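My request is simple: use the sequences and hints to build the entire structure.
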Amino acid sequence: MQLLLVPALSPLFIGIVRRVKARLQNRVGARVTQPYRDILKLFRKDEVVSADASWIFSSAPYLIFAVSILLGASIPLLSAHLTATVLGDLLTVVYVIALSTFFLALAGMDTGNAFGGFGSSREMTVAALTEGGLIFSLLALAFTAHSSNLFVIAGAISSLSLLAFTPIILAFVAFVIALLAETGRFPFDNPATHLELTMIHEAMILEYSGKKLALMEWAAANKFMLFLALGANLFFPWGLAASASPPALILALGALVFKLLVFCVLVALLESSLAKFRFFRLPDLLFMSFILSLIALSLIV
Amino acid sequence: MFTAVSAQSSFFLALLFLGLGSLGSACLWKKDAAANWWGNLCAITASVFGLLSAIRVLLGGAAFSLAADSPLGALSFSFTVDKLSAFFIFVISLIALPASIYGLGYVKHYYGRYSPGVLGFFYNLFLAGLFLVVSADNALFFLTVWEIMSLASYFLVIFEHREPDNISAGTRYFIMTHAGTACIILAFLVLYRFTGSFEFDVIRENFAAVPAYAKNIVFLLTLAGFGTKAGIIPLHIWLPSAHPAAPTHVSALMSGVMIKTGIYMFIRILIDFSPGAPLWWGIAVLLIGAASSLFGVLYALTEHDIKKLLAYHSIENIGIILLGLGSALVFWAAGAESLAMLGLIAALFHTLNHAVFKALLFLGAGSVISQTRTRNMEEYGGLIRTMPYTAALFLTGSLAISALPPFNGFASEWLTFQSLFSGFGSFGRSVAGVFALSAGALAFTGGLAAACFVKAFGATFLARPRSVEAARSRESAPSMVLGMGVLALLTLVIGIFSGVVSRVLSVVVADRPGFSTVPVPVSVPAASLSLGSGFAAMSLPLVFVSLAAVSALVAFLTYLATAGRRVKIGRTWDCGTDLTPRMEITATGFSRSLISIFRGILKPSKQTTIEYRDADSRFFPQTRSVKLEIKDVYSAYFYRPVERLTMALAAQIKKIQCGNVNAYIVYLFAALIALLVWAVI
Numbered sequence: 486m487q488l489l490l491v492p493a494l495s496p497l498f499i500g501i502v503r504r505v506k507a508r509l510q511n512r513v514g515a516r517v518t519q520p521y522r523d524i525l526k527l528f529r530k531d532e533v534v535s536a537d538a539s540w541i542f543s544s545a546p547y548l549i550f551a552v553s554i555l556l557g558a559s560i561p562l563l564s565a566h567l568t569a570t571v572l573g574d575l576l577t578v579v580y581v582i583a584l585s586t587f588f589l590a591l592a593g594m595d596t597g598n599a600f601g602g603f604g605s606s607r608e609m610t611v612a613a614l615t616e617g618g619l620i621f622s623l624l625a626l627a628f629t630a631h632s633s634n635l636f637v638i639a640g641a642i643s644s645l646s647l648l649a650f651t652p653i654i655l656a657f658v659a660f661v662i663a664l665l666a667e668t669g670r671f672p673f674d675n676p677a678t679h680l681e682l683t684m685i686h687e688a689m690i691l692e693y694s695g696k697k698l699a700l701m702e703w704a705a706a707n708k709f710m711l712f713l714a715l716g717a718n719l720f721f722p723w724g725l726a727a728s729a730s731p732p733a734l735i736l737a738l739g740a741l742v743f744k745l746l747v748f749c750v751l752v753a754l755l756e757s758s759l760a761k762f763r764f765f766r767l768p769d770l771l772f773m774s775f776i777l778s779l780i781a782l783s784l785i786v
Numbered sequence: 029m030f031t032a033v034s035a036q037s038s039f040f041l042a043l044l045f046l047g048l049g050s051l052g053s054a055c056l057w058k059k060d061a062a063a064n065w066w067g068n069l070c071a072i073t074a075s076v077f078g079l080l081s082a083i084r085v086l087l088g089g090a091a092f093s094l095a096a097d098s099p100l101g102a103l104s105f106s107f108t109v110d111k112l113s114a115f116f117i118f119v120i121s122l123i124a125l126p127a128s129i130y131g132l133g134y135v136k137h138y139y140g141r142y143s144p145g146v147l148g149f150f151y152n153l154f155l156a157g158l159f160l161v162v163s164a165d166n167a168l169f170f171l172t173v174w175e176i177m178s179l180a181s182y183f184l185v186i187f188e189h190r191e192p193d194n195i196s197a198g199t200r201y202f203i204m205t206h207a208g209t210a211c212i213i214l215a216f217l218v219l220y221r222f223t224g225s226f227e228f229d230v231i232r233e234n235f236a237a238v239p240a241y242a243k244n245i246v247f248l249l250t251l252a253g254f255g256t257k258a259g260i261i262p263l264h265i266w267l268p269s270a271h272p273a274a275p276t277h278v279s280a281l282m283s284g285v286m287i288k289t290g291i292y293m294f295i296r297i298l299i300d301f302s303p304g305a306p307l308w309w310g311i312a313v314l315l316i317g318a319a320s321s322l323f324g325v326l327y328a329l330t331e332h333d334i335k336k337l338l339a340y341h342s343i344e345n346i347g348i349i350l351l352g353l354g355s356a357l358v359f360w361a362a363g364a365e366s367l368a369m370l371g372l373i374a375a376l377f378h379t380l381n382h383a384v385f386k387a388l389l390f391l392g393a394g395s396v397i398s399q400t401r402t403r404n405m406e407e408y409g410g411l412i413r414t415m416p417y418t419a420a421l422f423l424t425g426s427l428a429i430s431a432l433p434p435f436n437g438f439a440s441e442w443l444t445f446q447s448l449f450s451g452f453g454s455f456g457r458s459v460a461g462v463f464a465l466s467a468g469a470l471a472f473t474g475g476l477a478a479a480c481f482v483k484a485f486g487a488t489f490l491a492r493p494r495s496v497e498a499a500r501s502r503e504s505a506p507s508m509v510l511g512m513g514v515l516a517l518l519t520l521v522i523g524i525f526s527g528v529v530s531r532v533l534s535v536v537v538a539d540r541p542g543f544s545t546v547p548v549p550v551s552v553p554a555a556s557l558s559l560g561s562g563f564a565a566m567s568l569p570l571v572f573v574s575l576a577a578v579s580a581l582v583a584f585l586t587y588l589a590t591a592g593r594r595v596k597i598g599r600t601w602d603c604g605t606d607l608t609p610r611m612e613i614t615a616t617g618f619s620r621s622l623i624s625i626f627r628g629i630l631k632p633s634k635q636t637t638i639e640y641r642d643a644d645s646r647f648f649p650q651t652r653s654v655k656l657e658i659k660d661v662y663s664a665y666f667y668r669p670v671e672r673l674t675m676a677l678a679a680q681i682k683k684i685q686c687g688n689v690n691a692y693i694v695y696l697f698a699a700l701i702a703l704l705v706w707a708v709i
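Here the protein sequences line up with chains A and B, keeping their order.
Going by our numbering, the first sequence runs without a break in its numbering and finishes at 786.
Going by our numbering, the second sequence runs without a break in its numbering and finishes at 709.
Hints were generated in silico from the structure; no laboratory data involved.
What you are looking at is a predicted structure, and each value in this text was computed from that prediction instead of being measured.
Some but not every residue of chain A turned toward chain B, in silico, with C-beta under 7 Å:
| hint | residue |
| --- | --- |
| 1 | F528 |
| 2 | D531 |
| 3 | E532 |
| 4 | V533 |
| 5 | Y547 |
| 6 | A551 |
| 7 | L555 |
| 8 | L584 |
| 9 | F587 |
| 10 | G597 |
| 11 | N598 |
| 12 | S633 |
All residues carry an ideal CB built from backbone N, CA and C; glycine is no exception.
Encoded structure:
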C-alpha cells in the first residue's frame, strides 16, 4: 500500500511548496493540484528523443521512478511496527538513493548536451559530499535505537524522553541540510530555474520530454516527499499507528499529512528567505552537516 | 573426472600446468599465435585446477601441506594450504580464469610487434609466483617466490618496452618493490632472531617469546614492506604508473590479485602469528586505511588516463580492506573476538569483491584501448553504440565499485561499515573517534567513487565520439567479451548470494587460531544478511527482485498509458548553434569542481600560456593553452628528499673509493683488526 501512497501524494506537496512560495512573493500562485495536471499533460504528449541518446537515457526514468516508489515502501510512513521490512536498512536506503542519482547523472551526460554534462558534474559533486552527512545524521538515530532499521528507529524514538532528545535536534539540523541538497532545494539548487549558470537537477533532465519527463518530475516529487517523511517520522515519530486497524491508519495518515504540511511550509519559508549559495560555498554547508552529525553521535554513544 | 582429484593433487596440477605454460611459451617464442594459445590455455587449465583445489579446502576439506628439504640449509620448499591460503588461491584462480580467456583475444594485437611467447612465459611464471606466495610456509621459500612474483610482474610491466614511459614506470616499480622486500627481509630476520626459525609454524608457536619492542619493529616493517606491495598511501607511487603500463589482462591481475598478497601477509603476520597485538597497531592500520581510501579516490578523480584512474581506485579499495582489517585488529586487541571476526570477514569479502570488479573494469578499459589506441578518456565518447557489450559490462563494474546495491561492492562495504560502527561505543573516546573518522572517510569515499565512475563511464561511453578512432571502433573479440561477461555475472551473483559468501568467509576466519570458538557475528536468515548483535540487517536478493519487478511494472504501465503517443527522433538541443562533440563535458571538466573543493589535499595548479599575434597590441591571441596539473606531494616532500639524501650519502662514500690498491689493502687490514678486537671482547 505504501508503494502507491507516495506517488499519489507527492505532487500535492510540491504544489503546496510552490503555492506558499508564491504567496510569500505576493503572487497568487497556481493551484496546489497543478503538479498533478502537469504530469497528466506530459503523459499525453508525444516525445522527442535525441538521436545521440542510448538505452541509458531511455531506461533511466523507469529505474529512477521505480527506486522512488520502492523507497516509499521501505521507510516508515504510517506505522513503525507493521510493515517493517529488511529493505528499511539505513545503508541500503542511502545507497539505493545513490543508485538512482548515479543513473540520473548518466542520463544527463548521455545526449552530449553541454548543460546535461554540467548538471551531472554538479549533481555528483553535491551528492558525494552529502552522503556523509546523510548517513551520519541517520546513524545518530540508529545508535539511539540500537538498530539501523528505519522502522525500528521510528518506534524507538517515539518512546524517548525529552532529555534524551537534545542530541537528536543536532542530527535533525544535519539531516535538513542533507535533505535540501538531495532534493535540489535552496540554497543548493533552484527548482524553478532554467538558468545554465546555476541549474543542477533541471540541467540533467533538460533533454527529456513527454512520458519520460513526466516520470522524472514525478520521481523528483516522490523523492522530496520521501525525505520530508523521513524527517517527520524518524525525528518526530509521533502519531504513527500502533495497529493495522483502518481507523488507526487513517489517523496516522492524517498525522503524516499534517506533519508534512508543516515541513512544506518550513521549506517554502527557508527558500523564500535564503539566496542560492555560490556553488563552491556548498561544501562548507555539507561538511557542517557531517560535523553536526558527528557531534550528535558523540553525545549519544 | 574432476571429483576424483584431491585438493592436493589439483594444486600441484595447477602448478604443473603453469610450469608447462611458462616453458612452452618460451619455446614457442617465434610462433606468435601458437605461443598465445599455449600460454593462455595452460593458464586457463591451471586456474580451473586452482579453483577446484581451493573450493575443496574451503568447503570442509582438510588443509594439506608439503615440505621438501633442500640442500640449502634453512631454505626448504614447504607450503601449507589452509583455509586462508585456499581463499586467496580461490581469488587468484577466479580472476586468472577470465583474464586468461580475455588474453586469448587481447594478445592478438601484439602479433608481430611484441612476442606473445615472452608474455606467456612471464605470465605463467607470475601466476605460479602468486599461487606459491599465498601458500609458502617458510620465510626463505616465501621470499624466493615473492621475488619470482615481483620480477615476473616487473617484466610484464615493461613488456611493451618500446614505450619509454613503460620503462620508467617499470624502474619505479622495481625500486619500490625491492625497498619493500628489504623491509620484509628485515622483519623475518627480527623474527628469526627471537624465535630461532624461518618456519611459519615455529614462528607462530614461539611468538610469545618475542619482546614487545621487537614486535613493534616487526609490525612497522610489515606495514612498510607489504604496504608497499598493497599500495597504501604514501607508499603507492609505483602503482598508478606500473599497473597501466602492463598488458591489460596483467593489469587486471596486478590490481585485482597481486596487491592482495600484501593483505594476505598482513593477516598472516598480524593476526595469525601475534595474538594479543597492542591496540595501536589496529589504530594505525585504520588511519592508513582511511587515508588510502579517501586520497585514493581523490587522485582517481583527477585522472583522465582510464587505466591510471582504475589504478588509483585500487589504492582506494585497499584502503577499504584495511579499514576492515584495522577494526579487526582493534577488536582483537580489546578481546572482542566476535567483532574482530566481523572485521576480518568484511576485509576478506572486499578482497574478493575488489578482485572481481576491478578485473572487470580493467578488462573493459583494455577492450576500449585496443579499439581506440589511447588511454586518454578525452578521446573517447559514444562507445556505447559501437561497443554495446563492453559498455554494459563496464557499467556493471562501475555500479559494483561504487558500492551500489544489488552488486557485490555494496555487500562488503556494508559489512565494513557495520564493523566500523561497532567500534563507536565499545572503547574510550579517542578510539571511538578514530572509528568515527574512518566510517566518515568510508562514507565520503563511496560518494566520490560514484562521482568518479559517472565520469569514467559517461566520458567513455556516452554522448558523441570525440575522436575519429572512437567513431570507428568496433566491438571486441568474443573471447574478450566472454572474459568480461563471466566477471560481470560474478559481481551480481556474489552480491545476491552475499549471505552465503559471508558464511563461507566466517569459516575461513574461524580456521585461524584463536577464532575457532568465537560466535559467528553474521547470520543469514531468509536470504538476508544480518548482524549477530541485531544492529542491522539487509537483503540484496530482495533489493534486486523488488527493483527489477517495480521497474518492469513502471515501464509496462507507462507503455499501456501512453500507447498512442509517438516518439520522434530529433537532434539534441543545441541553443541554435551547431553542436559538436567538443561542447560535451570532458572527464577533466567533470571532476574539476570536486578538485577545486579538495584543493587543500590535491594542490591543483593551472598554468595559462597565451601567445599573441602582435606582441605590442595584446588583443589577438595566436595560441592559447591551459595546463592543469596536480602537484605530486609525495615526490616533492618525501621521495625527492630521500633521493637527495641517498645521493649525498653516496657522494660521501665515494670518497673512500679512490682506486688506489694500497688504500684498499689498508681498509682490509683495518677491518681485520676491528673484527679481531670484536671477537676477543
